[in-house]
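Asks: If you're matching positions, the sequence shown starts at 1 in this note's numbering and goes up one per residue.
In case anyone wonders, no lab produced these hints; they're calculated from the structure.
These figures come from a predicted structure and were not determined experimentally.
Mixed in with the good hints there might be a few duds.
What the hints assert, rightly or not - Think about it this way: if two alpha-carbon atoms lie no more than 25 Å apart in a straight line, the pair counts; the simulated BS3-like pairs of lysine-lysine are: (1) Lys298 x Lys255; (2) Lys235 x Lys11; (3) Lys154 x Lys10; (4) Lys76 x Lys298; (5) Lys154 x Lys11; (6) Lys54 x Lys154; (7) Lys20 x Lys54; (8) Lys289 x Lys11; (9) Lys255 x Lys235; (10) Lys354 x Lys344; (11) Lys354 x Lys74; (12) Lys338 x Lys298; (13) Lys220 x Lys20; (14) Lys336 x Lys128; (15) Lys74 x Lys154; (16) Lys158 x Lys20; (17) Lys74 x Lys220; (18) Lys255 x Lys128; (19) Lys185 x Lys20; (20) Lys298 x Lys54; (21) Lys10 x Lys76; (22) Lys54 x Lys74; (23) Lys128 x Lys10; (24) Lys220 x Lys277.
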Amino acid sequence: MSNQFRELLKKIGSGAHTSKDLSRTEAKEAMQMMLHSQATPAQIGAYMIAHRIKRPTAEELAGMLDAYHEIGPKLKPFEGQSSHLVTVLGTPYDGRNRTSPVTPITALMLAIAGVPIIMHGGDCMPTKFGIPMSEIWQNLGVDFTNLSLIQAQKLLEKTGLTFVYLPQHFPQANQLVPYREQIGKRPPIATLELIWSPYAGDARIIAGFVHPPTEERFCKTAQLTNNITQLTTIKGLEGSCDLARSRTGIIGVCKPDGEPDFERIFLHPHEYGFAGKDVPLESIIQLAKDLQNIIQGKPIALMQDAIWNGGFYLWHCGICADINTGFAQAEGMLIKGKVAAKLKEITQAIEVIKSSDRLSRKNRTANC
1 MSNQFRELLK KIGSGAHTSK DLSRTEAKEA MQMMLHSQAT PAQIGAYMIA HRIKRPTAEE
61 LAGMLDAYHE IGPKLKPFEG QSSHLVTVLG TPYDGRNRTS PVTPITALML AIAGVPIIMH
121 GGDCMPTKFG IPMSEIWQNL GVDFTNLSLI QAQKLLEKTG LTFVYLPQHF PQANQLVPYR
181 EQIGKRPPIA TLELIWSPYA GDARIIAGFV HPPTEERFCK TAQLTNNITQ LTTIKGLEGS
241 CDLARSRTGI IGVCKPDGEP DFERIFLHPH EYGFAGKDVP LESIIQLAKD LQNIIQGKPI
301 ALMQDAIWNG GFYLWHCGIC ADINTGFAQA EGMLIKGKVA AKLKEITQAI EVIKSSDRLS
361 RKNRTANC
């Protein structure tokens, strides 16, 4: 048992009238002790549920991020040829189970346009047990789960897109996942994950949210950190980065060093001809078929979601001068086979990187 951790637990868990917020340093220490398993399972579970009930402050989230940046994986600053800011897509780790995601297609479009993309996540995860992003990619023929961090770095530099996979690259955080099922609620770590950047340089973070207080915490936390150049908040489908077609898109742009430091954007799908129902998620098999059809340029219902999202992000990330041009460019990428070509490029790059590393290991062994 950690006596130091117990004192931090007592501070946040003593009830509505007597509990206190942690300082940034204290929140960092608590997160470090959980990641290093210095606290007992009973202490960790109690801390997670107490912190959820109290609700994390921006100072506490900043401290937790400090621990993640210190202990977790960090991709090196991008050395490829791109004038665009590295963009990290923060999607809920516990996945999707109601609506069909188009996030991978958005990521491919941005990578085609020269925006370096980093995604991160794990396996099927409590409390929602939705389809995780890693599994969606696998069903598109792209398996990020067996890459080392060095290989993930090479993939970013070769293709402009990569994935940081929690079980492989951040086992300290992955070993905290089972607590989510045991306490039955998402702990504040689930909030932290959406704005975490596993990247050592400046980055634009795009984070989905559901509840307005979460967005406010995101923006306040961004003001306290050093490596978030820009934070974009998206009231997306199931808390993801995917804009809905069934309702107005609510977007926030937080620029910690900018003027103004916050901008609100409202996107009305009907004004651009994209209003419609959000496509329900039937199964991973059907989703993979739908995404492959879109990638091949086939005009199914979900293709409109892909163009709606791709067009917005191409404009928002500075590729297109206006959003209508973004929609046209997104549609063109699909119809002209550019997205299909990018997917093939990434699949082949993974094989080349892994094959090259196997050959290097074989040569080293032969020379010993």
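Asks: State the violated hints by number, sorted upward, taking the hints as numbered earlier in the document.
Replies: 1, 2, 3, 4, 5, 6, 8, 14, 16, 18, 20, 21, 22, 23, 24
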